Amino acid sequence: MDLSLLLAMKFELMITLIIFILLFMKIDGRANNQTVIRISYLLLFLNLGFGFAGNVSGEIFNGMFRSTPLLAFQKNILNLATLIIALSSYEWLRNHKHLPEFFILLLSSLLGMFFMMSSGNLLMFYLGLELSTIPLAALCNFDLHKKISSEAAMKMILSSAFSSAILLFGISLIYGATGSFDFKVITSVLTGTTLQKLAFILIFSGFAFKLSVVPFHLWTADVYEGSPIAVTAFLSVVSKASMSFIFITVLYTTFISMATTWYYVLATTAVITMIVGNLFALRQTNLKRFLAFSSIAQVGYLLIGISGASQIGIASVVYFILIYVFSNLAAFGVISVISSLTGKETISDYKGLYASNPALALIMALSLFSLAGIPPTAGFFGKLFLLTAGASILNWPLIIIASLNLIVSLYYYLNIVRAMFIDETDEPMVKLNFSTNEAVAFFMCVAGVLSIGFLKGVFEFIFGLSSVL
Amino acid sequence: MISGSTIALIPLLPLASFLLLGLFGRKYLSSAAGWIGTLSLLASSLISLATAYNYFFVSGKVNGAYQQITLLKHTWLAFTPGVSIDMGLLLDPVSMMMIVIVTFVSLMVHIYSLGYMKGEERFATYYAFLSLFTFSMLGLVLSINIFQIYIFWELVGVSSFLLIGYYFDRPSAVAASKKAFIVTRFADLGFLIGILILAFGAHTLDFKILIERLTTSSPELRGMIGSSFLGLSALTWGLLLVFAGGAGKSAMFPLHIWLPDAMEGPTPVSALIHAATMVVAGVYLVARLFPIFAISCPGALHVVAYVGVFSSLFAAVIACTQTDIKRVLAYSTMSQIGYMMFALGVSGYGGEHGLGFSASMFHLFTHAMFKALLFLGAGAVIHYTHSNEMQDMGGLRKYMPVTHLTFLVACLAIAGVPPFSGFFSKEEILSAAYQNNFPIYVIALFTAGLTAFYMFRLYFNIFWNKEFHSHHDSSDGHHGEAPWTMKLPLLILGVLAFGAGFVPFGNFVSSDGAALPAEFHLALAIPPVLLGLFGIALAYTMYKTENDLPNKTAALFHRLYQGAYHKFYIDEVYLFITQKIIFNLIGRPSAWVDKNIVDGAVNLSANLTEDTSGLIRGWQSGKMQQYALWFFAGVMGIVAVFICMWH
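Going down the list, the protein sequences come from chains R and W. Using numbering that gives the first Met the number 0, read the first sequence as starting at 0 and increasing by one per residue. Using numbering that gives the first Met the number 0, read the second sequence as starting at 0 and increasing by one per residue.
Isolated chain W (complex conformation):
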């Protein structure tokens, strides 16, 4: 039997570690901080593994379908008798999968950081923030109520802000953390409004009831479809705004601009937040409300599909031109999340039609493994070379054998080479797209080729190409590859990045809870693999050894290359909009009003006062008449508008 209080320990252990380290860490526990954080996460991930085992194999299945189980439901704030904010734990295949991913990746990052962050002055603070983040993320995935998810959503935002800005003495890190916070805040505003729309349409905030009411023919659903604003129904608005919130966190175009900059945070943080957990929160959110999208509002689902596939292609093109290895990984993350999004977008609900849903969750799972591995591997490389730039690397395979091997496994996985894990999940996504939306399938196929190309461009540039020249004095004795705390997570993740694809995923996670046996279409599997191999071969010829092919190619596609290199000027567009348009349209007129009207009135009255001499000077500034004028003008204005003009 699954016990609520045991499951509650999964998020509460990291919370306890956060409180302990946050309150006493710096003074008393600075040396033990890493171990406290790691052990609490170890316990938490063991419990979540046990829970997931229990759910999937013992007690979760009733009548052949996995059930949604709600535990420890506690009403916290009640708006009206029907609408209340509840706190509790929601267990279903998706949330089970997520807690395993979050606790596991977080554990890996905790262990890795023992070596990577060793000697940092604020070591305990770092672990406190990591614990806080893990707690918030676990709370998010276990939420039973759309408002509960919003609260944890914001907490995730705050803790990632703290982690990105960890090196607060670097201006670029501070700017990046601010950018991430502001961009996602705007998206969250949409999310909040979306929540309010759904809550008022369906008269509930509870996921279970919300989905129930908005997927069957209920008066609430009819009401929400019936009322419209700017040509879209209230339901569509609600879902689109919620998706906007998800798109902000998941870095979908055009809200992706914060993700590359967020790489200013410590590299293990990028592995945790920007690979496996926070950035997939948007995918998780859409998956959580998936029945509503799929059954009642296919229009909104189309938006999800097209935004997803566009982001996927867009990011892949940019990734081909970046030279900072973490930025390449950031864009590749954005591209892979685009994959997950459009997989949801092309999916239907239930049975065979739910292939896209299963595939999306499958890819989320495999991606978490290989992308965390890529980031941690990149961290090891940066640790060794003290640089993020490709040009400072090359030939590292001799110096870092473990990193080299595991990085290669991850690259093969993301490139979709069989039998590595990425192959299986990508194949499922592509067949779902093929069955439902051919244009998306074509774009996705092309993106798969690009992915293989840019990942191997990265791989060859780091580990092959030219010989490595250490910037340090070699007689000094360059430190070894990495301590065992950093190698161990690489090896564990390497095994998983290879093997995770063999999990019969559809049996466990599907849109309606019933098992969806995997079908393998050989004809559909061949094109992406061929394209992937082609991409790898291309990267091989261009980057295996030093030559001038890359420059020639860049010259050939000059405009495209420049555009992609500058990330298609999206940051500049935002700057233009905020600085030129918003400042000019709002800032300048307000400044003008301020200067000419407000100050003018003040100056006028001041002059009047001076002129009309000492009798009234002192208590009468001359403004009172003006106040009275405004007062009566206000009355007349309202009368004019609401009585004379408006009937």
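Okay, chain R solo, but in the shape it has when bound:
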């Protein structure tokens, strides 16, 4: 094997290196929290920068591991998201007893996702998936003194166990039907018999669990509410993004012979997911639970884009996720600052926020506008391209349902904006100060939300990358 091909794994190697550095710092034990956090931020910045330099495409380990320009771009998005999460949870991390472990677990999970996305083989895929899930369950428990956090971790690990069981069942059926784990071999052998369809649906359910597609979404709200906000953000943005990336690859290549089946499965679940997500989001009072259900609805739109099954489908999903990273993390950033400084997490606590903390209120409003898809924020363009991709196969009922759901979602997003800007309250929040770290994270998010829609090259660039999965 040509040694230079190892460069194809440079993302994974870099993260492994950072994990080791942090591990040694932990073992050494002399560095205080302030030092650790600075070094971690520095390493994450380096990691992000390193991702842009000298990418090599190709397959190594007999096709077990693939690398393409699109994958490199997707990994860059995830690196960026991880960095923003780490920066915006500075206030919460600062005094945490197990700071190095937080970063080690977070990066391990990210490493698992990278392996999963690059996998060319079902076994590799499964290993990556588990590597990404198990550290996450530990992370959910990171508010060590809170029972609700332990409950979230327990629910996370149990639910994951269900989904893994189903997924493994599906994988074994595929192996039984085709005699191979390799994506390429499977593609060439699959014909769409009933057994293979059953296997597909089982594997689909595994994905659906991770993406919180209804009815596999029930764990989401409890886990999101109980986990520390940084972890909730990671779950709702990074974890979902990585899952949708590999989901596209698996659907568009491995199961392409069953395109009609999965198209209808996707369309049906997309509709249910949008409706249920929206209906439940309407009645939430806790902001984390609210974002959990709103992100379920967002996944519904995502599924419509995926069902487009074309280069536009891929590009619009990647584009949407890029925008979703900025918009959603801005919201989580604000919630994180407010929650760690005041402990307040419900929507009614946010009444009159504009009067006491105008900057936070404006950032939050911008991110909610973007999530709701109101022009001219980037979210509008993300939704637009997703629906366009869905429209490219001329499925009008689906597009109409999605548009109606978009209108419903306007209501609850704007509800929060109203609380912050118009409603008055007897107990206003004090003026909160946040550090430069959070400010940098906010700056990146706001810049992303405001600019991506207008930078005309972005979508074309992604579209160009999407020619090779």
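Keep in mind that a hint or two might mislead.
Listing some non-contacts, in silico: residues in chain R with all C-beta distances to chain W over 10 Å [as the list claims (entries may be wrong)]:
#, residue
1, LEU12
2, ILE200
3, ALA207
4, ILE346
5, THR387
6, ILE398
7, SER434
8, LYS455
Far from chain R, some chain W residues (derived; all Cβ distances over 10 Å) [claimed, not checked]:
#, residue
9, ALA15
10, LEU18
11, ALA31
12, ASN62
13, THR74
14, ALA77
15, GLU153
16, ARG184
17, ILE192
18, LEU220
19, GLY350
20, TYR398
21, ILE442
22, PHE533
23, VAL638
Calculated cross-link-like contacts (lysine to any residue; reagent style SDA-like; alpha-carbon spacing at most 25 Å) [to be verified]:
#, chain 1, residue 1, chain 2, residue 2
24, R, LYS96, R, PHE379
25, W, LYS178, R, ARG417
26, R, LYS196, W, GLY636
27, W, LYS177, R, PRO374
28, W, LYS177, R, LYS96
29, W, LYS72, R, PRO375
30, W, LYS178, R, ARG37
31, R, LYS146, W, GLY114
32, R, LYS196, W, ILE642
33, W, LYS177, R, LYS146
34, W, LYS177, R, TYR251
35, W, LYS177, R, TYR353
36, R, LYS455, W, THR74
37, W, LYS207, W, LEU11
38, R, LYS455, W, PRO297
39, W, LYS72, R, THR435
40, W, LYS178, R, THR435
In short, the hints are calculated from the structure, not lab data. This one's a predicted model, so the numbers in the text were calculated from it and none came from an experiment. Virtual Cβ for every residue (Gly too), placed ideally from N, Cα, C.
With chain R held as given, fit chain W onto it using these hints.
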């Protein structure tokens, strides 16, 4: 030569004024705000006049037909190599006509508002909104790309929302602005879907290419006619949905309910938005896509025709019974736009057949003049009497001579009395209808008579009838008719409302760009004029002096009168649908599910938890098993649906 950067100034000047006034207006420029807005509009309208002159008389015509010119095209977002959102300027006879109308009427409204809005606390904000609206409207008419038009379409919606709700301390104004926004939002949803259908059928968003592909025998056209949904082809769906968007903005039945309420805005705003510019955006949209309607999808054009003529009659009947003078004008606007719509609907493409198209645009032009005049005149009356109700007026001709004269000119124009402008455009519309669709012609003729009647009912009630009694103490000295800033626009518009009909319109604006010389059919001109005169005479006997004829007539047509007075209960129908049907069908079941199933499950698990004691209390709520159950049920459900039932 026509230069792109000069034309770009036409919309950009109002934008600059909006930014200036929006950012610094309230603090630094509150006294100068009106003049800044007015001067920028003056410059903008001079440039657009020069451009239109240049286009029509110097450089627009090639080989006897006006050409479509695209300037400053700039690709903004590309979906795929073929489908992209471009920004640019489109010059053709219709857009030239529109920029002249929009800048001119907007200028008149700017000048008028100097007097009308004087002393308002948020004077600068008002001018900022006016500028924003003018910018959006100009951007809309100059769009080269169907998506560009959509963006400006939404901007127009937002700025009109702001203007209607200008008196935000009045609950009725806030409700009206919300209603306008919501109704048009639903229509715009249809518009957006229509755009997507057309874009994906034709693989382009560019007007020029879109029209080219969908009017000649291209694979795209065959594809769009070939694929169907619920019995209609994709092309028909696309065009109908786009028309739905246009019908929302243009207040066509049944999406008209926002227009009368929108009269809560300041009166000059009504003159600008609800007479001359925004409400004709729907007509403009259909005209822009007209070749596709006419050549490839006559079915959709029929829908346009029937919706138009029905709205026209429907609104005219309601207008006869309203007592708020602005509402009468609102319904009359709806009726006249119905005229423009069905004129497009009965038209064909090219040459002689395109008479309806020319006539529609002609009527749009003359209507902008006389309707803006009517609204501004009504504004002057309201300014003087401090009331919108007819019963508070009467005998005003002595106190407001200028307003009286110009209002009379406008009434004669809209009633179609020769040689006022409305006569010419209406005559063309009626002859186009006569040649193509006799039932529509008959309805339109009847509506013409009604129009004359209700306009003169309005006129006599305001200026004649009983003597005017001021509510103010007369020793106090009632203020004069109006300041010169308000009279000047009335006089200018009065001249135009009289003379605009003499423009040989068909020579400039026609469906295919080639000149369409006006033909005058005496036989066709006589019936509408006679009916109009009859309507005026009827109004004269009933309303010239105070008598009990109106009440007797109302009693005679009791049911019809009551129905029309209550606007045929359309608002109530909407309320019924939203409150009774939608809430009961969707709201109640969701509430039931929420209460009995969701809460029930939560309560059940809470009870279970309590019962099964302290061992698992704390971290185990009892819900996990349920989650697992749902999870496996979900898998089984998908398997059942997609493997067992569906092959």
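Practice item. Starting from LYS177/W, check that the Cα of TYR251/R is at most 25 Å away, please. Key: violated (45 Å)
Exercise for review: Hey, is VAL638/W genuinely clear of chain R, shortest beta carbon separation above 10 Å?
Suggested key: The claim is violated: VAL638/W sits with its nearest Cβ about 5 Å from chain R, within 10 Å.
Exercise for review: Could you check that no beta carbon of chain R comes within 10 Å of the beta carbon of ALA77/W?
Suggested key: Given that some Cβ of chain R is not farther than 10 Å from that of ALA77/W, nearest at about 5 Å, it is violated.
Check your understanding: For THR74/W, is the shortest beta carbon distance to chain R beyond 10 Å?
Key -> violated (7 Å)
Check your understanding: Given the proposed pairing of LYS72/W with PRO375/R, does the C-alpha separation stay at or below 25 Å?
Key -> holds (21 Å)
Check your understanding: Holds or violated: LYS177/W with PRO374/R, Cα cutoff 25 Å?
Key -> Cα-Cα ~19 Å, so holds.
Point to revise | Non-interface claim for THR387/R, where every Cβ of chain W lies beyond 10 Å | key: For THR387/R, whose nearest Cβ neighbour in chain W is about 6 Å away, the distance does not exceed 10 Å, so it is violated.
Check your understanding: Within a Cα-Cα threshold of 25 Å, do LYS177/W and TYR353/R meet the stated pairing?
Key -> holds (24 Å)
Check your understanding: Does ILE192/W really sit off the interface, with its C-beta more than 10 Å from all C-beta atoms of chain R?
Key -> violated (7 Å)
Review point. Is the Cβ of ALA207/R farther than 10 Å from every Cβ of chain W?
Key: violated (8 Å)
Check your understanding: Keeping to a limit of 25 Å between CA atoms, is the pair of LYS207/W and LEU11/W held or broken?
Key -> holds (24 Å)
Check your understanding: Checking the smallest CB distance to chain R, is LEU220/W really beyond 10 Å?
Key -> holds (16 Å)
Consistency note: the structure conflicts with the earlier hints numbered 2, 3, 5, 6, 8, 13, 14, 15, 16, 17, 23, 24, 28, 30, 31, 33, 34, 38, 39 and 40.
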